[in-house]
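Engineer: So the protein sequences, as listed, match chains C and S. As numbered in the working numbering, residues 1 to 162 make up the first sequence, in order. As numbered in the working numbering, residues 1 to 265 make up the second sequence, in order.
Hints are not guaranteed to be accurate.
Stated by the list, open to error - Quick list of the computed label-pair ranges, beta carbon to beta carbon:
#, chain 1, residue 1, chain 2, residue 2, range
1, S, GLU155, C, VAL38, 34 to 42 Å
2, C, GLY69, S, THR147, 44 to 52 Å
3, S, LYS85, C, LYS15, 39 to 47 Å
4, C, GLY69, S, ASP226, 49 to 57 Å
5, S, THR232, C, PRO16, 19 to 27 Å
6, C, ASP122, S, ALA21, 45 to 53 Å
7, C, LEU84, S, ASP226, 41 to 49 Å
8, C, LEU84, S, THR61, 23 to 31 Å
9, S, ALA213, C, THR34, 50 to 58 Å
10, S, PRO141, C, THR125, 32 to 40 Å
Claimed, not checked - Partial pick of chain S residues on the chain C-facing surface, computed with a CB cut under 10 Å:
#, residue
11, PRO36
12, THR74
13, ASN178
14, VAL255
15, ARG259
FYI, nobody ran anything at the bench for these hints, they're computed from the structure. Positions of the beta carbon are idealized from the N, C-alpha and C atoms, including for glycine.
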Amino acid sequence: MANVTMTVNGKSVSKPAEGRTLLVDFLREGAGLTGTHVGCDTSQCGACVVHVNGKAVKSCTMLAAQADGAEVTTIEGLASGGELHPMQAAFREHHGLQCGFCTPGMIMAAVDMVNRLGAPLDEATIRAELEGNICRCTGYHNIVKAIAAASETMAGMKTAAE
Amino acid sequence: MYETTYHRATSVSDAVAKLGASDDAKVLAGGQTLLPTMKQRLAAPSDVIDVTHIADMKGITETAGGLRIGAATTHAEVAGSEIVKRMLPGLATLAGHIGDPHVRHMGTIGGSLANNDPAADYPSAALALGATIHTNSRQIPAEDFFTGMFETALEDGEIVTAVEFPKAGACAYAKYPNPASRYAMAGVFVAKTDGGVRVAVTGAGQGGVFRHAGLEDALAQNFSADAIAGVTTDPDQLLSDIHGSADYRANLITVMAKRAVAACA
Numbered sequence: 001m002a003n004v005t006m007t008v009n010g011k012s013v014s015k016p017a018e019g020r021t022l023l024v025d026f027l028r029e030g031a032g033l034t035g036t037h038v039g040c041d042t043s044q045c046g047a048c049v050v051h052v053n054g055k056a057v058k059s060c061t062m063l064a065a066q067a068d069g070a071e072v073t074t075i076e077g078l079a080s081g082g083e084l085h086p087m088q089a090a091f092r093e094h095h096g097l098q099c100g101f102c103t104p105g106m107i108m109a110a111v112d113m114v115n116r117l118g119a120p121l122d123e124a125t126i127r128a129e130l131e132g133n134i135c136r137c138t139g140y141h142n143i144v145k146a147i148a149a150a151s152e153t154m155a156g157m158k159t160a161a162e
Numbered sequence: 001m002y003e004t005t006y007h008r009a010t011s012v013s014d015a016v017a018k019l020g021a022s023d024d025a026k027v028l029a030g031g032q033t034l035l036p037t038m039k040q041r042l043a044a045p046s047d048v049i050d051v052t053h054i055a056d057m058k059g060i061t062e063t064a065g066g067l068r069i070g071a072a073t074t075h076a077e078v079a080g081s082e083i084v085k086r087m088l089p090g091l092a093t094l095a096g097h098i099g100d101p102h103v104r105h106m107g108t109i110g111g112s113l114a115n116n117d118p119a120a121d122y123p124s125a126a127l128a129l130g131a132t133i134h135t136n137s138r139q140i141p142a143e144d145f146f147t148g149m150f151e152t153a154l155e156d157g158e159i160v161t162a163v164e165f166p167k168a169g170a171c172a173y174a175k176y177p178n179p180a181s182r183y184a185m186a187g188v189f190v191a192k193t194d195g196g197v198r199v200a201v202t203g204a205g206q207g208g209v210f211r212h213a214g215l216e217d218a219l220a221q222n223f224s225a226d227a228i229a230g231v232t233t234d235p236d237q238l239l240s241d242i243h244g245s246a247d248y249r250a251n252l253i254t255v256m257a258k259r260a261v262a263a264c265a
């Protein structure tokens with residue numbers, strides 16, 4: 001088995017992996033980061049979304065070896081210190097989760113959405129961009145509200161930083 | 001998934017050599033179709049050759065007659081490209097509606113064309129715009145490239161390296177996605193090309209993507225949605241499955257064609 005090495009949430013992780021090992025399994029079992037979930041395992045639900053080199057991807061539909069040498073961010077990498085990322089805080093504030101299973105993928109998809117499209121995001125855009133993430137509890141309304149609110153907070157932080 | 005051996009190709013010739021070194025290797029061009037297929041054990045290649053790190057196969061450039069898109073360029077890159085949006089807006093729209101944002105970050109134009117899924121979006125653009133498919137050994141007109149459902153003119157060991165699209169006066173794509181899978185149940189690409197109006201249909205044909213002579217003739221006379229309202233499609237040539245009958249798809253083709261023509265204006 002070849003070694004696969006990648007930077008996960010800023011730390012280098014190097015583990016032997018089979019050619020068929022999926023990135024999600026490498027993260028959960030190799031790196032011990034179980035925040036990334038496997039929902040459908042058929043590339044549809046988006047519970048497994050992580051960022052690879054800054055782009056949201058479905059980690060159940062990527063081999064670990066494809067991410068060899070890459071920078072990976074998982075849900076565990078968003079909060080800094082004890083402080084939640086604005087997107088995480090907004091999901092809590094707006095009740096954007098019930099059972100919570102889809103939440104890691106929703107939040108990673110939402111952060112990617114704001115990174116790509118900027119803020120503020122309107123409801124139609126958010127709903128269209130959530131095409132690849134399925135929630136079976138909330139009916140999406142509060143998820144959409146949370147993302148809209150977080151996009152404003154993130155824009156404010158960006159302005160303050162400049 | 002059955003065990004496989006992953007290889008990362010560094011150049012086109014390296015990829016061709018690695019592909020030829022195994023009887024049962026497959027190109028991994030993003031993997032958004034191949035990996036789900038392998039997970040279901042419907043495909044079990046002994047080796048996968050990752051071509052997405054080959055610099056020569058990436059990027060979008062303007063050419064004398066149109067634009068060239070490297071085969072390993074992702075759907076997100078095509079959708080977001082200023083060159084594509086300016087020259088072939090219908091192609092950018094098409095790329096921006098494949099799968100979902102995460103799939104568009106991984107899936108590539110070359111992978112889509114080489115797979116020739118009968119419900120994939122890109123084959124309709126390639127056929128309607130009269131694209132040329134470049135491989136490691138030759139150039140194949142789109143007309144000759146798509147040979148049937150999941151079938152192409154590619155030989156064993158041949159790799160799509162780029163796609164060249166000629167300029168078009170106007171072009172647009174309209175699809176009716178399956179509500180669950182989001183694959184096209186009927187997708188119609190309309191293009192005003194130097195060779196006249198060309199219309200290609202995906203998602204509906206039994207043999208995969210096809211050009212629609214009835215729509216082309218009607219639009220050549222009068223390029224308007226009204227002109228094709230009465231154009232029909234023979235359902236005997238169309239797919240019929242749990243998602244929709246051939247008659248339903250025949251109707252969808254006319255509706256999508258009208259929307260695409262309206263979007264050209």
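Engineer: Give a verdict on every hint.
Structural biologist: Results of checking the hints against the structure:
1. S:GLU155 <-> C:VAL38: 34 to 42 Å: For VAL38 of chain C against GLU155 of chain S, whose Cβ atoms are near 38 Å apart, the range 34 to 42 Å holds.
2. C:GLY69 <-> S:THR147: 44 to 52 Å: 37 Å, violated
3. S:LYS85 <-> C:LYS15: 39 to 47 Å: 42 Å, holds
4. C:GLY69 <-> S:ASP226: 49 to 57 Å: 55 Å, holds
5. S:THR232 <-> C:PRO16: 19 to 27 Å: 60 Å, violated
6. C:ASP122 <-> S:ALA21: 45 to 53 Å: This hint holds: roughly 51 Å between Cβ atoms.
7. C:LEU84 <-> S:ASP226: 41 to 49 Å: 56 Å, violated
8. C:LEU84 <-> S:THR61: 23 to 31 Å: This hint is violated: roughly 43 Å between Cβ atoms.
9. S:ALA213 <-> C:THR34: 50 to 58 Å: 56 Å, holds
10. S:PRO141 <-> C:THR125: 32 to 40 Å: Cβ of PRO141 of chain S to Cβ of THR125 of chain C: about 38 Å, so the range 32 to 40 Å holds.
11. PRO36: Nearest chain C Cβ about 5 Å off; hint holds.
12. THR74: 9 Å, holds
13. ASN178: With a closest approach of 12 Å, the ASN178 of chain S hint is violated.
14. VAL255: 21 Å, violated
15. ARG259: 17 Å, violated
Checked against the numbered hints above, the structure violates hints 2, 5, 7, 8, 13, 14 and 15; every other hint is satisfied.
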